[in-house]
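Trainee: If you want the building blocks of each chain, they are given just below.
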Amino acid sequence: MPAFNQLHTYLYLAVILFCLGLYGVLSRRNLIAVLISVELMLNAASLNFMAFNRFLAPHPAVGQIVALFIMAVAAAEAAIALSIIVALYRKLKSINIEQANELRG
Amino acid sequence: MSLLIASLSFYLVVAATVVGAVIAVAARNIFHNVLGLALSLIGVAGLFLYLNSPFVALMQILIYVGAITIAICFAIMLSQPLYLPAPPRNPLKIQGAAFGAGLVFIFLGLLTRQTLWTPAAERVNDWSITTIGHYLLNQYVVIFELISLLLLVAMLGAIVTARGGRGSA
Amino acid sequence: MPALDPLFVLCAACVILPLLAFGGIMIFTWRRPFLSLGISLAASTACLIIAWYIFWQRWGDPTPLVLNVDWLVSDLVRVPFGFLLDPVSQLMLVLVATISFLIQIYSIGYMWGDPGFGRYYADLSLFAMAMLGLVISSGLLQLFICWELVGLASYLLIGFWYEKFSASEAGKKAFVVTRFGDIFFFMGLAILVIFYGSLDIAAINAAAVAQKMEPWLLTTCALLIFGGICGKSAQFPIHVWLPDAMEGPTPVSALLHSATMVAAGVYLLTRLFPFFAASPPAMTYILAVASLTYVLSSTVGMVARDIKQVWAYSTISQLAMMAMGLAAAGLAHGTLFAGYFHLTTHAGFKALLFLCAGAFIHHYGTNSFFMMSKGGARHLTIPMVTVTIGALALAGIFPFSGFFSKELILGNLWHLDNKLWVSIGLLGAFLTAYYTFRVIFVLLFPRPEDHPAWDKYHEPLAGGHGHGHGHEEEEAHGHGHGAGPFSGHAPEWAINLPLIILAGVTLVLGFLQGTLERFLLGESHPHEMNYLLLVLAVGLALAGIGLAWWDWGRKGASWEGFLSKVPALEHFFIQKWYMDHFWRWFLNAVIYNLFSKTFTYNDRRVVDGGVDAVALGCIGSGRFLSFLQTALLQLNLLFMVLVLAGVGIYLLMGR
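From first to last, the protein sequence lines stand for chains A, B and C.
According to the working numbering, the stretch in the first sequence is residues 1 to 105, in order.
According to the working numbering, the stretch in the second sequence is residues 1 to 169, in order.
According to the working numbering, the stretch in the third sequence is residues 1 to 655, in order.
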């Protein structure tokens, strides 16, 4: 059976994507880069849904719908995050999240 | 023969996805990150094709690559000038992040491997876009509407936040 | 649980109806005087009917009827909640219901036009509820709760005209002073619970009679509980609240002094009579305190110029007499009948005396009976006749009710080996007759306008301690006709009717002595007539009246008491034996300087300091722990991820 017809291929791919995204979220200081990493994680989730939809789900429309919803939510999240980035930049003249530390104890 | 082509192109797509993701995460230039993200998203769209969903693949390219990536570009242009040198990396932080991500990788990998994935007993084989449309406007119509409401609120929130908060002109 | 006796339902109704009236008036109708009056009167009438019904139903049946529900149950301690119906409580039930009903009728006339009419009736209902509940409680804790409610109601009523400073002060004084006694009462209850384990009245009495209690426990508890009785029944040395309580409306004084509040103390003494009687030391102590109170109040009553003050001190003295009667009976293995009978008769004639005083005050707008006399009080026929009847009863003249009960008490005292007690009783009887008829003769025979005595008595009341100040204004204010939501003249019949009824009761009640004794004790003891004592008592009472006539009544009387021959003594009495001064000194020296200072220090340093230490500790530890809030978002996230992944891996490995 070819690799692209196996559930595990996609699942491992999704894990890789997710962990790369997580690594980005944890390591990057640029807020935009963090946002990009989050998009990667969202994609991993989306990929998982699609894979399950393809191989396991009783009805193949449901997973696709969920993937569509994820895209919509991601769009909303991106809009909010970008506006926050703009506001933060206006306030701190920087988008380095290590400098957004006004609440430090 | 077609199987071979399919396999080869599949590996290509996978490579695009992973390499794009690595660029998106690791490159120092923020613009390169965005380009890497776009590459990775296109790769994922290709994976969706392999998963029998050309519609979602198209949507992926349309929304993610077409809209979100461009929006991120706008944010880059609105915030930090690109010519500023990026601050030096903190190796401790990199190591910590790598360790955390690795641990999660192990966890998810184990989870994927150890779980026994069983397909549903009875599976319908109906991949048509028509069905998706029916579902969207029948069974999932409430969620659909809620999502649209969410988008509206997010838009308003984005405007308010980006304008500098309540009260400022 | 056995079938519920319908009588208990009636008992509960007796308590709940006035409470409902109180709540209803206070919440809904206090702005509407007539509606409030109707509600309160309806509840009170219902109580009256119920009380008489129970009385009639249980006539001639001395077996106590108890309904107990366990309320607080602990391992060894059981605090019941319920009703106890025996002759003692039934008679008191009737008494309280009747007197409070009559006083509600009377108050229609007296309080007519007062802006607080609705509130007044609400408070009266609360008072009735508390007292009825007290009377029929089966356990001491329940009794204590009602006891405190009585105190609360009396506080509300004494301070009814709260705009007036002295009235609100008097209310506070009554509340705090009686509370001072209640501390001892409560300590007594606590000791009883700890060492005996029950607060059921019947059980305690039975145990005391069967000598199942250790003597020290018995005596300690009896003395402590007597502390509460001292407060409520105004015995020395915490009687000082009662004269001040005259600041309340006069019907309230009547209620306070006859069947409720002060009677509650003696009632408790009666209720626990077997318990008290089992402890001779406690009884001796009670006898001594009561005798001292008796002499003190009688002598102060001789010099008071405010008619309500005179009656107030007479109340204290009569309460002391009841206590003496009970104590003497306890010491001589007698029965509770004498004291309890005096409580009954006293309730009747004291209510009568106060209501008459109220009639005069209402009419003349002054509290000084000298000024009333000047105004022509003798022409107010019905109050004048009835006040004389009441005074005769108070002085103990045949055939009025006071005669019978006083004779019984003196008889009890006579049985004691030490004749000192009976001589104090006789002396008190003499003084009582004197000061009572001082009031009557002054009212009846005013001096001519140019008599020199007017110079002395003309000045407004400036009694030893400031009460009496502004009674005139108060009364005028209190009865600002037309000032309230309703105007017009008060119905005269509402004032006169209770007077006539009570006068009738005073006349008749004495002859029911045998019947009541049979009812209370189940059997009637034949009393051997002690002619020597009889002659002594009546003779001394008549002598007192004669002396009063000589000093105040006869044509050439100087209107100066025989006491004015001894100015020092008279001054001592006018200053009320310096008891108020003593308490003022006590408060300053002991309470404020000793306790308050210590407790303030404790409060500032220990309690506040402890709280501050906790607060400072919180602040400090918060400062210290705030290093965790690094504002390094990704660090926090990293740890979260690490923990989650670690837990996940651990769970997967375990499979």
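Keep in mind that the hints were calculated from the coordinates and are not lab data.
One or more of the hints may lead you astray.
Result set (SDA-like, lysine to any residue): computed pairs, CA atoms no more than 20 Å apart in a straight line [to be verified]:
hint, chain 1, residue 1, chain 2, residue 2
1, C, Lys555, C, Val566
2, B, Lys93, A, Ala100
3, B, Lys93, C, Leu642
4, A, Lys91, B, Gln139
5, B, Lys93, A, Glu98
6, A, Lys91, B, Thr161
7, C, Lys172, C, Asp182
8, A, Lys91, B, Gln80
9, C, Lys597, C, Tyr578
10, C, Lys565, C, Trp585
11, A, Lys93, B, Phe105
12, A, Lys91, C, Leu152
13, C, Lys212, C, Pro274
14, A, Lys93, B, Leu84
15, A, Lys93, B, Cys73
16, A, Lys91, B, Arg163
17, B, Lys93, C, Trp585
18, C, Lys374, C, Arg447
19, C, Lys374, C, Pro280
20, A, Lys93, B, Lys93
21, B, Lys93, C, Ala631
22, C, Lys565, C, Trp550
23, C, Lys374, C, Met384
24, C, Lys419, C, Trp585
25, B, Lys93, A, Arg29
26, C, Lys555, C, Leu444
27, C, Lys555, C, Gly376
28, C, Lys565, C, Trp577
29, A, Lys93, B, Phe74
30, B, Lys93, C, Thr630
31, A, Lys91, B, Arg123
32, B, Lys93, B, Phe105
33, C, Lys212, C, Glu169
34, B, Lys93, C, Leu637
35, B, Lys93, A, Ile84
36, C, Lys212, C, Gly376
Here are the simulated distance ranges between beta carbons [claimed, not checked]:
hint, chain 1, residue 1, chain 2, residue 2, range
37, A, Arg104, B, Leu3, 57 to 67 Å
38, C, Arg32, B, Leu146, 51 to 61 Å
39, B, Ala121, C, Met653, 51 to 61 Å
40, A, Ala100, C, Val606, 43 to 53 Å
For each residue, glycine too, the CB sits at the ideal point set by N, CA and C.
Trainee: Which of the stated hints cannot be reconciled with the structure, identified by number in ascending sequence?
Mentor: Going through the list in order, the structure violates hints 1, 4, 9, 10, 11, 12, 17, 19, 20, 24, 31, 33, 35, 36, 39 and respects the others.
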